[in-house]
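**Student:** Sequence:
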Amino acid sequence: MKNRWTIYQLIGSGTIGALGAVLSMIGAIISTAVGILGAGGLINAVFMGMMFSFCCITIRKFGSATIAGLVLSICLLPFPSLGTPGFFPKILIGLSLGFMCDIIFF
12 MKNRWTIYQL IGSGTIGALG AVLSMIGAII STAVGILGAG GLINAVFMGM MFSFCCITIR
72 KFGSATIAGL VLSICLLPFP SLGTPGFFPK ILIGLSLGFM CDIIFF
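Going by the numbering used here, the sequence shown opens with residue 12, and the numbers climb by one from there.
In short, the hints are calculated from the structure, not lab data. Here the structure is a predicted model, which is why all the values come from computation and not from measurement. Any given hint could turn out to be false.
[Unchecked claim] Just the calculated beta-carbon pair ranges, DEER-fashion: (1) F90 - N14: 16 to 26 Å; (2) I40 - T17: 17 to 27 Å; (3) I47 - F90: 23 to 33 Å; (4) P96 - R71: 28 to 38 Å; (5) A56 - T26: 30 to 40 Å; (6) L53 - T17: 29 to 39 Å; (7) K13 - F98: 36 to 46 Å; (8) G49 - R15: 15 to 25 Å; (9) G94 - S64: 33 to 43 Å; (10) R15 - G94: 18 to 28 Å; (11) G52 - Y19: 16 to 26 Å; (12) V57 - Y19: 21 to 31 Å.
All C-beta atoms, glycine included, are put in the ideal place defined by N, C-alpha and C.
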């Protein structure tokens, strides 16, 4: 029974995913302001790597980064981060990124 998820761990994973969406929007704003499209992707890759690593280190449960990736991709669905706006496979991209991070850390 010790290995079960608590509500605090679920909320923590979701909050880290939402924070990742906010940080991803900062990367999109910078790429729009600078005019270099690759700058936003590079900044987002750094932010997402930090966010998923932080999630795995703080929550310490397999699946925490997957939940954070799901929340991140749902929050970014109407925005141009992780692909075109409204592109439904964005959710699969977020899930796969989180799952890969879970596999690496656990």
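**Student:** State the violated hints by number, sorted upward, taking the hints as numbered earlier in the document.
**Tutor:** 1, 2, 3, 5, 8, 9, 10 and 11
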